[in-house]
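I would like the entire structure built from these sequences, with the hints used as guidance.
Listed here are the chains, written in short residue letters.
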Amino acid sequence: MTKRVEIENLSFAYRGNPVLRSVNITAEGGDFVCLLGPSGCGKSTLLRLIAGLERPDAGSIRIGGAAVAGPGLDRGVVFQDYSLFPWLTAGENLVFALEQAFPGRRRRDHVEDARAQLGRVHLEGAFDKLPSQLSGGMRQRVAIARAFATDPPLLLMDEPFGALDAVTRAHLQEHLLALWQTPSGAAKTVFFVTHDVDEAILLASTVVVLGANPGRIRGVFDIDVERPRSRQSLQSNPRYLALRAAMVDLLYERSDDAGDAGTLQ
Amino acid sequence: MSSTEIRAGGAHPGTQPAALGPARGAPAGLHWSQTLPAGAILAGLLLATAWPGSEEGFPLYLVLFAVGVGVVALARWRLAGSDVARQSVCDVAAILYTILLAWQLATAHFAVLDPMLFPPPELTLRLFVKELPDLLDCLRSSLILLVSGFGAALALSLPLGLYVGWHSRLHHAVSPFTKILGTIPPVVFIPYIVHLLPSFRSASIVVIFIGAFWPIFINTVAGVFNVPKGLIDSGRVLNLSTRKMLLRVVLPAALPSICTGASLALCFSFLLLTAAEVIGANSGIGWYVHYFSDFADYHRVVVGIIFIGIVVVAITLATERLERHLLRWRS
Numbered sequence: 001m002t003k004r005v006e007i008e009n010l011s012f013a014y015r016g017n018p019v020l021r022s023v024n025i026t027a028e029g030g031d032f033v034c035l036l037g038p039s040g041c042g043k044s045t046l047l048r049l050i051a052g053l054e055r056p057d058a059g060s061i062r063i064g065g066a067a068v069a070g071p072g073l074d075r076g077v078v079f080q081d082y083s084l085f086p087w088l089t090a091g092e093n094l095v096f097a098l099e100q101a102f103p104g105r106r107r108r109d110h111v112e113d114a115r116a117q118l119g120r121v122h123l124e125g126a127f128d129k130l131p132s133q134l135s136g137g138m139r140q141r142v143a144i145a146r147a148f149a150t151d152p153p154l155l156l157m158d159e160p161f162g163a164l165d166a167v168t169r170a171h172l173q174e175h176l177l178a179l180w181q182t183p184s185g186a187a188k189t190v191f192f193v194t195h196d197v198d199e200a201i202l203l204a205s206t207v208v209v210l211g212a213n214p215g216r217i218r219g220v221f222d223i224d225v226e227r228p229r230s231r232q233s234l235q236s237n238p239r240y241l242a243l244r245a246a247m248v249d250l251l252y253e254r255s256d257d258a259g260d261a262g263t264l265q
Numbered sequence: 001m002s003s004t005e006i007r008a009g010g011a012h013p014g015t016q017p018a019a020l021g022p023a024r025g026a027p028a029g030l031h032w033s034q035t036l037p038a039g040a041i042l043a044g045l046l047l048a049t050a051w052p053g054s055e056e057g058f059p060l061y062l063v064l065f066a067v068g069v070g071v072v073a074l075a076r077w078r079l080a081g082s083d084v085a086r087q088s089v090c091d092v093a094a095i096l097y098t099i100l101l102a103w104q105l106a107t108a109h110f111a112v113l114d115p116m117l118f119p120p121p122e123l124t125l126r127l128f129v130k131e132l133p134d135l136l137d138c139l140r141s142s143l144i145l146l147v148s149g150f151g152a153a154l155a156l157s158l159p160l161g162l163y164v165g166w167h168s169r170l171h172h173a174v175s176p177f178t179k180i181l182g183t184i185p186p187v188v189f190i191p192y193i194v195h196l197l198p199s200f201r202s203a204s205i206v207v208i209f210i211g212a213f214w215p216i217f218i219n220t221v222a223g224v225f226n227v228p229k230g231l232i233d234s235g236r237v238l239n240l241s242t243r244k245m246l247l248r249v250v251l252p253a254a255l256p257s258i259c260t261g262a263s264l265a266l267c268f269s270f271l272l273l274t275a276a277e278v279i280g281a282n283s284g285i286g287w288y289v290h291y292f293s294d295f296a297d298y299h300r301v302v303v304g305i306i307f308i309g310i311v312v313v314a315i316t317l318a319t320e321r322l323e324r325h326l327l328r329w330r331s
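Protein chains in written order, with full-length UniProt numbering: chain A, 1 to 265; chain B, 1 to 331.
By construction, these hints were calculated from the structure, which means they are not laboratory data.
Nothing here was measured: the structure is a model prediction, and the numbers come from that model.
Please note that the accuracy of each hint is not assured.
Claimed, not checked - Some chain A residues well away from chain B (every beta-carbon gap over 12 Å; in silico):
no.	residue
1	78
2	156
3	174
4	196
5	222
6	236
7	252
Stated by the list, open to error - DSS-like mimics (lysine-lysine), calculated; alpha carbons at most 27 Å apart, straight line:
no.	chain 1	residue 1	chain 2	residue 2
8	B	179	A	129
9	B	179	B	229
10	A	129	B	229
11	B	229	B	244
Every residue, glycine too, gets a C-beta built ideally from N, C-alpha and C.
The following block contains the structure:
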């Protein structure tokens, strides 16, 4: 069940300020698209538009041919914070999502399913733990497990590892790739927002670099580096180094622009 | 009042971390100087009771009460999880004994205070036990009013607050009225409503209802308004219906604020209950105090006040426990 995502001429303004202008992205089913850019480039807004949490001012987003009209369970979303409801245990958070996605099933099946999904991120023991009793990394693992649990064709992740330390972050990237590379996971189209170049190259099949004021596409890179990728082997891969240099150039170019604009105004 | 106060003193430090003193975990970790005051003052108190005062007979109730407090304190001391908790049990007992001793000396022994206004502890305790059945009858009558008024206010203001807080247009439209109506002290409604309604009981219920309604409503609306946007988004991406969003996301997220409003409302309710009873009731705990002060029976007035104190402490402790249970998910 792969879903092609077509974003056409998308523009969005917030209180009169343009946030995104004429964005065009096409992602084939099973693509892992990283939206890379500095803060304020509208990458999170773009994700919220795909999620249906905001309405575009112009242009359209189509998922599998159907225009996005609002939020839906065909898209699993992971935020940086607040993904989990703090008054529900980790397990109940999954059960809640499963009840929404599969209303007809018995609760016992949901609980069993939730347990299994937590097991896939190695958190079997956390079923009865409240989010406040878990570390930040564990919370995000639960959130990822929940996003996968409802088996949506599309995954939207808004800097899900942004608040984590480097080591935890590396572990979670591996967890995510492991899930995405399973037979059922690889069919999923992923949009992943980050400001971390290395994270983008490690995860993505396509990196879209965005620039700010207003947000627009600066460059699109196909990451033709073989999987499975490991952090260590990437460091010496010439293709990786070339891609990284090109992206860093684009990102810094933008900040030079902003500096010039600042002195002019 | 006293025995429940010990509970209050013991309950809070009991939640503190145990690793404070050097002798942590050891039941006998407290230095003798820390437990001495309570014991010394108890001894003094018992000595004072044995010393014949102006009062007739042996103060049996006072001795029993003092020993009872000691037993409760000892039990709490044994159950306490930390030296800090144990220390505070001793301190609370010491303060209580000091009050009893001062009271006993000032009334029974030296008659410094007017015996008509200040009954000695022995007399008060004896009267308390004698009056207890009547007091409990009064309490039942009062609680019926309190529960009806407060319950109706909660049942109406909570869903209304959720709905108004969620719909921002309604929220903005209603808020000027809330600001005006919510700030009128509900006590001023009492004389008016007493005339407006056919019976005193219905009037009391309505006054309590008004007093409890606004704090819950205002805090519910504010709580809904302040729910983190991220939580709402998490609900929206799950495609929740409005009903489910309100009940499963907004309500729990606003619960801390709702609890604040509800405990405030409960305080108001109690205040209004006793005020209303003073004005026009023929039963109830507020009526009891007012009735006997009209007869200049200040001994019963003191007993009534102490009884009200115990009731308030009991209700407060129960609601605190309920609140802690409801909000246990907060770190």
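Going down the list of hints, with the structure as the test:
no. : hint          : verdict
1   : 78            : violated, 9 Å
2   : 156           : violated, 8 Å
3   : 174           : holds, 25 Å
4   : 196           : holds, 21 Å
5   : 222           : holds, 29 Å
6   : 236           : holds, 40 Å
7   : 252           : holds, 31 Å
8   : B:179 - A:129 : violated, 41 Å
9   : B:179 - B:229 : holds, 25 Å
10  : A:129 - B:229 : holds, 24 Å
11  : B:229 - B:244 : holds, 16 Å
The structure shown violates the earlier hints numbered 1, 2 and 8.
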